[in-house]
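Asker: Sequence:
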Amino acid sequence: MNILIVEDEALLALELESELENAGHTIVGVAMSSQEAKAIIDREHPEFAFVDIHLLDGPTGIDVGRYLESKGISYVFVSGNLKRIPEDFAGAMGAIEKPYTMNGLENALSFIETFVRGENRGNIPPSLVPSPWLRRRQMTESRQQRQSQA
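FYI, the numbering for the sequence shown is 1 to 150, going by full-length UniProt numbering.
Keep in mind that the hints were calculated from the coordinates and are not lab data.
You can trust all of the hints, since none of them are fake.
In the DSS-like style, the derived pairs of lysine-lysine whose C-alpha atoms are separated by at most 25 Å in a straight line are: (1) Lys98 x Lys83; (2) Lys83 x Lys38; (3) Lys98 x Lys38; (4) Lys71 x Lys38.
Using the sequences provided together with the hints, build the complete structure.
Answerer: Written out as structure tokens, the structure is:
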């Protein structure tokens, strides 16, 4: 996948970039502010994004998330304060809480990859806090799968 990282802490962005590249993904950009993120979104058209809530220009990650949603790009929040995420998750499929473990990130990434490709997603890993719509969708798919097996 072509992935955008929106993170104002350079060390965390570099670590996430390294993990994603090691997993075979391409990083199309790393943004530290909302304006920079929106410019990369318009120029590079990522397939997915990891978005921190608090950026160099303030708590503007939610605005970036809504912008991604308006462009039809899936994303997750990566934040140390999940209470700042709006109730509707601003269209995000979920959130990964900082600090995260590499194992937790890998599990979440595996689920995200299948979701973006539209494949059978399996169970949501514990490292990914699902948005309400993702939780509902997962429950509906599980119910349909059980009915088709009956």
